[in-house]
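Protein chains: 2
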Amino acid sequence: MAFHKSLEQTARAVELLLPEFRAIFGERAVTSAAVRAHHSHGEGLPDPGQPDLVLFPLANEEVAAAARLCHRAEVPIIAFGSGTSMEGHVAAIHGGVCIDLSRMDRVLEVSTDSMDCRVQAGVTREQLNEHLRSSGLFFAVDPGANASLGGMASTRASGTAAVRYGTMRETVMGLTVATPDGRIVRTGTRARKSASGFDLTRLYVGSEGLLGIITEVQLRLFGLPEHVVAAVCQFDSLRAAMDTVIATLQLGVPVARIELLNDVQMDACIRYSKLDEFEARPTLFIEFHGSQAAVAEQVDMVQSLASENGGSGFRYAHRPEERSRLWKARHSCYHANLAMHPGWSSMGTDACVPISALVDCITETEADIRESGLYAPIVGHVGDGNFHLGIIYDDADRTARGKAEALAERVALRAIRMGGTCTGEHGVGLHRIGQIEVEHGEAINLMRDIKRALDPAGIMNPGKMLRM
Amino acid sequence: MAFHKSLEQTARAVELLLPEFRAIFGERAVTSAAVRAHHSHGEGLPDPGQPDLVLFPLANEEVAAAARLCHRAEVPIIAFGSGTSMEGHVAAIHGGVCIDLSRMDRVLEVSTDSMDCRVQAGVTREQLNEHLRSSGLFFAVDPGANASLGGMASTRASGTAAVRYGTMRETVMGLTVATPDGRIVRTGTRARKSASGFDLTRLYVGSEGLLGIITEVQLRLFGLPEHVVAAVCQFDSLRAAMDTVIATLQLGVPVARIELLNDVQMDACIRYSKLDEFEARPTLFIEFHGSQAAVAEQVDMVQSLASENGGSGFRYAHRPEERSRLWKARHSCYHANLAMHPGWSSMGTDACVPISALVDCITETEADIRESGLYAPIVGHVGDGNFHLGIIYDDADRTARGKAEALAERVALRAIRMGGTCTGEHGVGLHRIGQIEVEHGEAINLMRDIKRALDPAGIMNPGKMLRM
Numbered sequence: 001m002a003f004h005k006s007l008e009q010t011a012r013a014v015e016l017l018l019p020e021f022r023a024i025f026g027e028r029a030v031t032s033a034a035v036r037a038h039h040s041h042g043e044g045l046p047d048p049g050q051p052d053l054v055l056f057p058l059a060n061e062e063v064a065a066a067a068r069l070c071h072r073a074e075v076p077i078i079a080f081g082s083g084t085s086m087e088g089h090v091a092a093i094h095g096g097v098c099i100d101l102s103r104m105d106r107v108l109e110v111s112t113d114s115m116d117c118r119v120q121a122g123v124t125r126e127q128l129n130e131h132l133r134s135s136g137l138f139f140a141v142d143p144g145a146n147a148s149l150g151g152m153a154s155t156r157a158s159g160t161a162a163v164r165y166g167t168m169r170e171t172v173m174g175l176t177v178a179t180p181d182g183r184i185v186r187t188g189t190r191a192r193k194s195a196s197g198f199d200l201t202r203l204y205v206g207s208e209g210l211l212g213i214i215t216e217v218q219l220r221l222f223g224l225p226e227h228v229v230a231a232v233c234q235f236d237s238l239r240a241a242m243d244t245v246i247a248t249l250q251l252g253v254p255v256a257r258i259e260l261l262n263d264v265q266m267d268a269c270i271r272y273s274k275l276d277e278f279e280a281r282p283t284l285f286i287e288f289h290g291s292q293a294a295v296a297e298q299v300d301m302v303q304s305l306a307s308e309n310g311g312s313g314f315r316y317a318h319r320p321e322e323r324s325r326l327w328k329a330r331h332s333c334y335h336a337n338l339a340m341h342p343g344w345s346s347m348g349t350d351a352c353v354p355i356s357a358l359v360d361c362i363t364e365t366e367a368d369i370r371e372s373g374l375y376a377p378i379v380g381h382v383g384d385g386n387f388h389l390g391i392i393y394d395d396a397d398r399t400a401r402g403k404a405e406a407l408a409e410r411v412a413l414r415a416i417r418m419g420g421t422c423t424g425e426h427g428v429g430l431h432r433i434g435q436i437e438v439e440h441g442e443a444i445n446l447m448r449d450i451k452r453a454l455d456p457a458g459i460m461n462p463g464k465m466l467r468m
Numbered sequence: 001m002a003f004h005k006s007l008e009q010t011a012r013a014v015e016l017l018l019p020e021f022r023a024i025f026g027e028r029a030v031t032s033a034a035v036r037a038h039h040s041h042g043e044g045l046p047d048p049g050q051p052d053l054v055l056f057p058l059a060n061e062e063v064a065a066a067a068r069l070c071h072r073a074e075v076p077i078i079a080f081g082s083g084t085s086m087e088g089h090v091a092a093i094h095g096g097v098c099i100d101l102s103r104m105d106r107v108l109e110v111s112t113d114s115m116d117c118r119v120q121a122g123v124t125r126e127q128l129n130e131h132l133r134s135s136g137l138f139f140a141v142d143p144g145a146n147a148s149l150g151g152m153a154s155t156r157a158s159g160t161a162a163v164r165y166g167t168m169r170e171t172v173m174g175l176t177v178a179t180p181d182g183r184i185v186r187t188g189t190r191a192r193k194s195a196s197g198f199d200l201t202r203l204y205v206g207s208e209g210l211l212g213i214i215t216e217v218q219l220r221l222f223g224l225p226e227h228v229v230a231a232v233c234q235f236d237s238l239r240a241a242m243d244t245v246i247a248t249l250q251l252g253v254p255v256a257r258i259e260l261l262n263d264v265q266m267d268a269c270i271r272y273s274k275l276d277e278f279e280a281r282p283t284l285f286i287e288f289h290g291s292q293a294a295v296a297e298q299v300d301m302v303q304s305l306a307s308e309n310g311g312s313g314f315r316y317a318h319r320p321e322e323r324s325r326l327w328k329a330r331h332s333c334y335h336a337n338l339a340m341h342p343g344w345s346s347m348g349t350d351a352c353v354p355i356s357a358l359v360d361c362i363t364e365t366e367a368d369i370r371e372s373g374l375y376a377p378i379v380g381h382v383g384d385g386n387f388h389l390g391i392i393y394d395d396a397d398r399t400a401r402g403k404a405e406a407l408a409e410r411v412a413l414r415a416i417r418m419g420g421t422c423t424g425e426h427g428v429g430l431h432r433i434g435q436i437e438v439e440h441g442e443a444i445n446l447m448r449d450i451k452r453a454l455d456p457a458g459i460m461n462p463g464k465m466l467r468m
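Just so you know, the sequences run in chain order A and B. Mapping the first sequence onto UniProt numbering, position 468 (from 1) lands on 468, and the numbers just tick up by one. Mapping the second sequence onto UniProt numbering, position 194 (from 1) lands on 194, and the numbers just tick up by one.
Since the hints were made in silico from the structure, they are not lab data. Ideal placement from N, C-alpha and C gives every residue a C-beta, glycine not left out. Treat the hints loosely; a few may be bogus.
Facing chain A, according to a computed beta carbon distance under 7 angstroms, are these residues of chain B, among others [to be verified]: (1) Thr155; (2) Ala195; (3) Gly197; (4) Leu203; (5) Glu297; (6) Gly385; (7) Arg417; (8) Gly420; (9) Thr421; (10) Ile436.
Using the sequences and the hints given, assemble the complete structure.
See below:
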């Protein structure tokens with residue numbers, strides 16, 4: 001069943017609890033309109049829903065204490081990291097208490113020998129890499145945004161480097177979680193692998209705040225590559241580019257990143273980032289990590305595969321500033337697209353399909369975009385079969401959002417039909433609830449069973465991911 | 001609560017259902033004493049418990065139909081793969097129906113472009129690699145035994161190549177599962193990554209038949225390495241060997257296998273496998289995969305790291321028959337150990353710790369073994385921090401098994417104390433139930449909640465993994 005309290009009932013329940021929250025959190029229990037508004041949304045399109053109260057815990061035990069209070073009064077709990085979700089994960093659609101973990105920002109432990117670390121959930125990706133700078137290690141999951149590591153764990157985030165280093169699924173070794181009724185639980189161990197009981201770590205990774213609140217994250221780290229080279233190569237067709245990607249993966253060339261921009265996306269990037277040396281054609285951005293010799297060999301192999309597929313203009317960037325110019329252009333897709341239609345809005349999609357289906361999936365999608373009349377460049381983490389449309393539409397045109405949503409829905413359903421998923425890395429949140437029902441079929445009922453077992457009162461981020 | 005029927009009640013319930021089982025399975029519903037006895041144990045030490053009936057399904061729907069009958073009558077269901085478990089997973093301690101999946105042995109689909117496949121649960125590891133032989137791909141998880149892929153998924157198996165290619169946790173992309181009440185559910189997709197809902201695939205991987213019956217497995221495959229070289233290097237101390245391992249991992253050298261044998265284990269292997277060129281010292285067995293140039297560079301790097309740590313006698317094997325002689329010696333540890341004391345029994349341990357704790361953990365364990373007076377060589381998948389004792393004891397000596405069990409228990413608890421796990425790859429089964437309670441603390445109650453949610457009647461492999 002859906003969450004049962006009305007917004008008014010919840011607001012009243014929170015008001016009644018306020019003295020108890022204040023006793024624990026003091027000034028760190030905030031009800032100001034500005035703070036509540038800030039905690040009502042991530043970075044995606046706006047959704048309704050403000051929390052009644054925002055708490056800023058500093059320690060596991062504070063999170064657990066807050067959960068116990070909310071549990072007793074059956075008040076919704078919404079965990080908040082850095083607010084970079086695209087899918088409405090943090091919108092407090094049933095009101096309730098937002099637990100902002102950003103002040104739990106300590107790196108608790110780093111082991112260079114075991115190549116792992118433990119951090120509080122509010123530590124961000126960039127903060128951790130800054131902390132690790134002199135250790136020779138780095139944290140490899142790179143979704144672009146400077147997200148909190150608790151948030152990245154909660155949404156099973158990934159990004160450009162997943163093809164080599166894995167996603168949060170492979171990177172999180174263990175978690176500290178506050179349960180909905182306020183117990184503090186540790187999942188996993190510091191061992192690299194384990195066959196010891198149900199894999200609770202992987203159950204909480206990607207659970208989007210529906211089962212508990214992640215307060216600490218144990219993470220796998222990698223050695224900083226000795227040598228890094230970026231390369232860009234352009235192709236006459238999507239298929240030629242993807243044949244290069246598939247051959248690269250089959251040969252086991254350990255590319256660190258391999259990104260596809262379609263012709264429309266390259267056009268926007270050339271204009272926005274002044275990439276005058278390139279043409280508006282399907283293009284691969286590639287990065288190689290390793291020893292000098294290993295990188296040289298990898299570059300040779302990929303260049304010859306690209307040549308076999310008619311790739312041209314293979315350009316390298318060895319120096320950090322050249323590399324950073326290219327990757328900045330790649331990471332500016334969102335802004336490049338919006339710059340094509342100033343004042344319009346962007347709606348993202350996140351399909352991920354088996355690599356063998358990717359050309360057909362993108363080709364059908366390009367035809368679909370043309371028919372729709374919408375402007376929607378495509379960029380993808382193609383080593384994983386994941387690609388994004390940036391659907392740019394005019395919010396002032398009353399029919400435009402509906403058309404954009406319909407296109408986004410078709411993209412998701414096409415990916416599912418082709419054996420893939422509607423979301424490779426952004427998560428479900430408010431926006432893909434119907435799509436994952438199509439994707440999972442009967443399995444969605446097992447997810448509901450687990451939700452009811454671990455959150456019987458239904459207070460954890462209600463209204464997200466699963467229709468209860 | 002524990003499973004509630006007595007053995008007699010279960011036997012009677014199965015007898016009453018027999019006509020219905022026969023209607024579905026015909027000759028493939030077997031009650032003969034020999035077949036029941038064969039299905040009462042794996043390869044570990046004997047445990048009591050015979051099933052009342054053994055079924056040999058050919059299709060998902062038959063498994064689901066069997067589950068529905070057992071569910072209705074509240075009769076235990078035990079899934080059986082190839083019977084290679086070391087931990088009593090298949091012992092029918094409450095009687096019931098054993099579902100032997102070995103005749104579900106078809107490779108259903110292989111995609112060379114997506115580098116994945118879908119197989120029925122009874123396909124074995126070696127059968128799959130034989131099937132893939134001309135495809136340029138291979139299945140990389142290698143636990144030694146020719147286990148079924150459903151069984152390997154159920155126990156989260158790994159083995160020697162996990163340091164490079166991952167364990168079943170990373171390799172299984174999706175599953176078909178028959179639920180305890182006989183629904184057929186698909187988890188996961190063919191996409192390489194997904195942020196779509198709870199990670200049911202990872203929940204079933206390692207669930208040891210407690211939540212459902214795995215009937216099909218979608219697996220990630222890798223390209224066959226162009227070039228393979230094996231190497232063996234000997235050290236004056238464990239620490240010197242482990243410093244070489246740690247430096248190798250930190251530099252990101254992608255070794256395919258890196259195994260440690262302690263002096264006692266080398267002594268046994270030298271005698272058994274006639275490795276006369278080696279001495280009874282701590283020894284690393286390493287395998288390198290890649291292009292000719294990449295392998296040459298990896299070998300150079302590891303050799304120079306080994307030299308820095310006083311490693312000597314670095315020997316390569318380029319030709320398949322040389323490699324196979326070395327790895328055969330490595331894989332013969334179990335028999336080599338038993339050959340030291342003909343007629344005695346072997347009890348295994350499966351500790352896995354953070355790499356940084358491995359030297360201390362093994363050193364303390366060696367002292368513990370000396371004090372115990374037992375003979376227990378050590379071999380480990382040290383790239384993952386996982387090591388095994390083969391405790392060889394005389395079953396005729398009434399106190400010996402108790403001493404061996406006490407040592408095994410101390411090894412497990414030491415690993416847990418050092419931040420690791422009591423089982424890296426063998427699973428819990430009947431033998432580590434108490435140990436995982438120590439390891440997981442309060443988290444064990446969340447596992448129990450999940451068990452109750454997905455198997456409310458408690459019929460799935462009762463008595464294993466979790467004390468209910």
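* Interface hint outcome for Gly385/B [beta carbon to chain A under 7 angstroms] -> 5 angstroms, holds
* Evaluation of the interface hint that places Ala195/B against chain A, nearest CB under 7 angstroms -> Since the shortest Cβ distance to chain A is 4 angstroms, the answer is holds.
* **Glu297/B as an interface hint toward chain A, with CB separation required under 7 angstroms** => Status holds, d = 5 angstroms.
* Asked: Hint check: is the beta carbon of Gly420/B less than 7 angstroms from a beta carbon of chain A?
  -> Gly420/B check passes; min Cβ-Cβ to chain A is 4 angstroms, inside 7 angstroms.
* Close enough to count: is the Cβ of Arg417/B nearer than 7 angstroms to one in chain A? -> 11 angstroms, violated
* **Minimum beta-carbon distance criterion (7 angstroms), Ile436/B to chain A** => 5 angstroms, holds
* Status of the hint placing Gly197/B at chain A (closest C-beta pair under 7 angstroms) -> 5 angstroms, holds
* Given hint Thr155/B near chain A, where the shortest CB pair must fall under 7 angstroms -> 6 angstroms, holds
* **chain A contact restraint on Thr421/B - CB to CB distance below 7 angstroms** => 4 angstroms, holds
* With 7 angstroms as the cut and Cβ atoms as the points, is Leu203/B at the interface with chain A? -> Leu203/B check passes; min Cβ-Cβ to chain A is 6 angstroms, inside 7 angstroms.
The structure fails hint 7 only (numbered hints given earlier).
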